[in-house]
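Chemist: Go ahead and model the full structure; you've got the sequences and the hints to work with.
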Amino acid sequence: MSKINIYGLGSSTIDAMTVGVLNELKSSNHVYTRTMDHPAIQELETLGVAFTSFDEVYEAHERFEDVYEEIVHTLIQKCAHEEITYVVPGHPYFYETTTELLMTRDVEIEVHGGASFIDTVITSLNIPINSHFQVLDASTMKYEDLSANKHTLITQVYDQLTLGEAKLTLLEYYNDEMIVTLVDGAGSPDERIHAVPLFELDHLDINSNLLALYIPVVQSDSIRHRSIEYMNEIFDTLVDDEKGCPWDKTQTHESLQRYLIEESYEFIEAIENGDDDAIVEELGDVLLQVALHSAIGKKNGYFDFYDVLQSLNDKVVRRHPHIFGDEEIDDLDGLDRVWKLAKQKEGKVEKVKHEKDYAKTILPWMKETIHNGTSLVDILKQHRGEENENR
1 MSKINIYGLG SSTIDAMTVG VLNELKSSNH VYTRTMDHPA IQELETLGVA
51 FTSFDEVYEA HERFEDVYEE IVHTLIQKCA HEEITYVVPG HPYFYETTTE
101 LLMTRDVEIE VHGGASFIDT VITSLNIPIN SHFQVLDAST MKYEDLSANK
151 HTLITQVYDQ LTLGEAKLTL LEYYNDEMIV TLVDGAGSPD ERIHAVPLFE
201 LDHLDINSNL LALYIPVVQS DSIRHRSIEY MNEIFDTLVD DEKGCPWDKT
251 QTHESLQRYL IEESYEFIEA IENGDDDAIV EELGDVLLQV ALHSAIGKKN
301 GYFDFYDVLQ SLNDKVVRRH PHIFGDEEID DLDGLDRVWK LAKQKEGKVE
351 KVKHEKDYAK TILPWMKETI HNGTSLVDIL KQHRGEENEN R
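In this text, residue positions in the sequence shown follow UniProt numbering: the first is 1, and each later residue adds one.
Please keep in mind that the hints were generated in silico from the structure rather than gathered at the bench. Heads up, the beta-carbon is just placed ideally off N, CA and C, and yes, glycines get one too.
Once the Cα atoms are required to be at most 25 Å apart in a straight line, the calculated BS3-like pairs of lysine-lysine come out as:
#1 Lys78 <-> Lys26
#2 Lys315 <-> Lys343
#3 Lys315 <-> Lys340
#4 Lys367 <-> Lys356
#5 Lys298 <-> Lys315
#6 Lys356 <-> Lys315
#7 Lys78 <-> Lys3
#8 Lys243 <-> Lys298
#9 Lys356 <-> Lys345
#10 Lys343 <-> Lys360
#11 Lys353 <-> Lys367
#12 Lys353 <-> Lys343
#13 Lys243 <-> Lys299
#14 Lys356 <-> Lys381
#15 Lys299 <-> Lys249
#16 Lys381 <-> Lys367
#17 Lys315 <-> Lys345
#18 Lys315 <-> Lys353
#19 Lys348 <-> Lys360
#20 Lys353 <-> Lys340
#21 Lys360 <-> Lys381
#22 Lys340 <-> Lys356
#23 Lys249 <-> Lys298
What follows is a set of in silico ranges between Cβ atoms, one per label pair, in the way DEER data are often shown:
#24 Tyr358 <-> Asp285: 15 to 23 Å
#25 Ile261 <-> Phe64: 45 to 53 Å
#26 Asn209 <-> Asp145: 19 to 27 Å
#27 Thr252 <-> Asp326: 37 to 45 Å
#28 Asp66 <-> Asn209: 17 to 25 Å
Modeler: What follows is the structure, given as structure tokens:
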């Protein structure tokens with residue numbers, strides 16, 4: 001088997017290509033290209049470079065994964081008896097799935113570089129960036145990926161549909177009137193820059209494979225206050241011995257014990273009253289306890305919030321092999337077997353669960369105080385009276 005030489009076309013015209021890449025392509029007898037929709041392709045054709053593109057493969061499949069698999073399969077077949085040249089937009093190592101797939105196959109490849117689209121887009125935006133920068137793929141972007149304190153560049157937007165889908169995800173996090181910038185054909189003679197309110201993003205009638213969406217850093221309390229990172233900053237500050245709150249910084253795990261019980265009661269009260277707003281507030285108060293205990297643990301050098309989070313996620317995944325693994329179950333008996341086996345692997349042994357007895361007893365009493373206004377003292381007196389009668 002021979003070799004596949006992969007070259008990056010950059011993100012605009014041949015003027016932005018490296019001299020080495022340009023000379024290699026001009027001297028190639030034949031070049032395979034992932035797509036003809038690139039400014040440099042037409043210019044290279046005028047210089048006598050012959051191309052075979054995979055644009056028709058895009059038309060044959062609904063999923064990008066299938067497109068890339070077919071392209072890779074074809075390239076491997078073509079290089080079986082001769083060395084071939086393959087070009088991709090941007091840099092072959094940057095957001096290029098076909099390069100990634102070829103690296104996992106039994107084929108020799110050599111990557112020859114090329115400027116990534118980031119360099120060109122940032123230049124077009126005329127925005128200096130020295131920290132907190134991320135690139136997201138619109139086709140896989142989730143709410144959790146977004147961060148208001150980062151410059152964000154979003155790829156895989158190329159028409160009104162993909163812009164609309166990206167907008168819906170962004171609206172979960174950002175204000176709908178925030179100005180975002182869509183860059184079309186960065187660095188090319190046909191470059192266009194559109195700065196629009198987020199809610200109007202998909203009103204632009206644009207179809208182009210050379211689009212990139214820029215989201216600026218946003219200083220907004222409404223966004224910042226939805227961040228776990230900011231929550232941890234708050235509680236780290238509250239318990240700090242020098243600049244912390246006089247009450248919070250003196251608390252210990254022991255001194256806070258009663259408050260988790262109090263907040264749990266208020267959360268149950270919100271559930272019993274069917275009050276969604278109160279449920280949100282009281283769940284926040286329960287989380288406050290977690291955050292405060294975690295900040296104290298971090299201050300003392302024992303653990304932090306992310307240790308708690310990892311312990312939780314590890315346990316949930318471990319105890320659900322039928323969801324996150326290969327285990328199969330048919331009914332609740334099978335589920336019980338899976339849970340017991342998981343606990344055995346954790347080294348857990350069956351023991352008297354006082355917390356279960358406590359919850360079984362206390363929960364009905366809590367509901368009685370909520371719905372009937374009965375005090376816990378009266379409930380306990382009544383309970384003791386019933387116990388005496390049964391003796």
